[in-house]
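Residue numbers (our numbering), protein chains in the order written: chain R, 1 to 111; chain D, 1 to 114.
Since the hints were made in silico from the structure, they are not lab data.
These numbers come from a predicted model, not from an experiment.
Do not rely on the hints blindly, as some may be mistaken.
[To be verified] Stretch-level coverage of chain D by chain R, calculated; a stretch enters the list once three of its residues show a Cβ under 8 Å from a Cβ in chain R:
#1 37-43
#2 60-74
[To be verified] In silico EDC-like pairs for lysine to aspartate or glutamate, Cα to Cα no more than 20 Å straight-line:
#3 Lys106(R) with Glu15(R)
#4 Lys56(R) with Glu102(D)
#5 Lys57(R) with Glu102(D)
#6 Lys36(R) with Glu102(D)
[Said to hold, decoys possible] The following label-pair restraints were derived from C-beta to C-beta distances:
#7 Gly94(R) with Ser70(D): 36 to 44 Å
#8 Gly41(R) with Thr112(D): 29 to 37 Å
#9 Lys51(R) with Glu96(D): 15 to 23 Å
#10 Pro111(R) with Gly16(D): 42 to 50 Å
#11 Phe69(D) with Glu15(R): 25 to 33 Å
#12 Lys13(D) with Gln80(R): 37 to 45 Å
Glycine included, each C-beta is placed from N, C-alpha and C at the ideal position.
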Amino acid sequence: GQQVMQIPQYQHVQEGEDFTTYCNSSTTLSNIQWYKQRPGGHPVFLIQLVKSGEVKKQKRLTFQFGEAKKNSSLHITATQTTDVGTYFCAGGAGGYQKVTFGIGTKLQVIP
Amino acid sequence: KAGVTQTPRYLIKTRGQQVTLSCSPISGHRSVSWYQQTPGQGLQFLFEYFSETQRNKGNFPGRFSGRQFSNSRSEMNVSTLELGDSALYLCASSVEGPSYNEQFFGPGTRLTVL
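Same shape as in the complex, but just chain D (with noise of 0.2 Å):
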């Protein structure tokens, strides 16, 4: 079975501009979670997907946002980056959801803002 797949692996952006990261879950999966993870923070969740359904969203301003697709697979966009946006971004699928079943990782996507 193939693993949760992320891209792009690394991004350079300039402090205003937007992203979007994907990701694409271990098929059959349908919840897809995104996390950030930065050295002082620990991995903060930002949101849970689940059937294209936001179900669970944490505790980041509204220029953090994502969706689901039908097939599960997953983006997050942020906008108007500013340099504290810097970090990996990590998404986990799992069958029914993270408090469920153990959750996935793919590898990450490392932003970087300038």
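Just chain R, same shape as in the assembly (with noise of 0.2 Å):
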């Protein structure tokens, strides 16, 4: 079956300094969609992804998706202590099927 991979899986930084996390699935993916989970709190959606080679910013957070639309990353500049939690993303087969969520990296960012 399908599998999504997340790399790393923990990050410490330091605030101001940038941050990646990097997805791949085993398969190409209709479409790929990441989630922020706080700290004792539940995933919230930030964004999904289509297109091959699509590239989408929101403030300081930039995602892509691969050309081959079997990966992707997330990228943060500047890191601030509200950054702190857990960024999933979630690979979609497409249709009416499931999503299959990577591991997730755990960001802490030392003040």
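Combine the two chains into a complex, taking the hints into account.
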């Protein structure tokens, strides 16, 4: 079945440094979603990418979907303490199929 | 619009017992998915219901089951609880399905099996 690998699992950065998490799927995806889960909270939707090579920005966050639609990345510029949490990617096979979540990257920001 | 609600928020059970968890999706959302979240395994997909039918199923034993009612509310049941079933159980609703639309997660039910 479809597998979605996500690295790194943990990342500590100094406030102001950049941060990137990567997702790789074993199969070609129809779309990829990104979620953020704050400590003690539940996952919250950030964005969905559907087109090959797509790049979307949300303030300091940049999301990319690979040309082959098998990989994706989330980059945060100049991290802030409010960025703390676990970032999950979720690969969609399309249609009425499920999405498969990566294991998540836990981001700690040191003030 | 009210968000996704889950009840109860916390449960403590002993091995061998059974448990039923409830999820009320956002109004107008017909798809409800259930996930098990544990520290080492991330979010593991249990099943998805759409218009009262199970549309997708993950790789969990038959002890895990669910259903959806005509008002889109969903329940999941775990029978013969094992210690390894201790986890945060999250439900998520979406308009048409998790691969189509964003999912809105509930706060989860924290299940502890002793």
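Quick rundown of the hints versus the structure:
Counting residues of the stretch 37-43 of chain D whose beta carbon lies closer than 8 Å to any beta carbon of chain R gives 3, which reaches the threshold of three, so the coverage claim holds. Residues of the stretch 60-74 of chain D with a Cβ under 8 Å from some Cβ of chain R number 0, which does not satisfy the need for three, so the listed coverage is violated. With a C-alpha separation of about 15 Å, the suggested pairing of Lys106(R) with Glu15(R) holds against the 20 Å cut-off. About 16 Å separates the Cα atoms of Lys56(R) and Glu102(D), which keeps this hinted pair within 20 Å; it holds.
Our distance criterion of 20 Å between C-alpha atoms is met by Lys57(R) and Glu102(D), whose separation comes to about 17 Å. Among the hinted pairs, Lys36(R) with Glu102(D) is consistent with the structure: their alpha-carbon atoms are about 13 Å apart, no more than 20 Å. Remark: the range hint 36 to 44 Å for Gly94(R) to Ser70(D) is contradicted by a beta-carbon distance near 28 Å. Look at Gly41(R) against Thr112(D): about 19 Å separates their beta carbons, and that is not inside 29 to 37 Å.
In this structure, Lys51(R) and Glu96(D) meet the distance hint of 15 to 23 Å, their C-beta atoms being roughly 19 Å apart. Range check, Pro111(R) to Gly16(D): about 47 Å between beta-carbon atoms, so the 42 to 50 Å window is met. For Phe69(D) and Glu15(R), the hinted distance range of 25 to 33 Å is not satisfied, since their beta carbons lie about 47 Å from each other. The hint said 37 to 45 Å for the Cβ distance between Lys13(D) and Gln80(R), and at roughly 40 Å that hint holds.
The structure shown violates the earlier hints numbered 2, 7, 8, 11.
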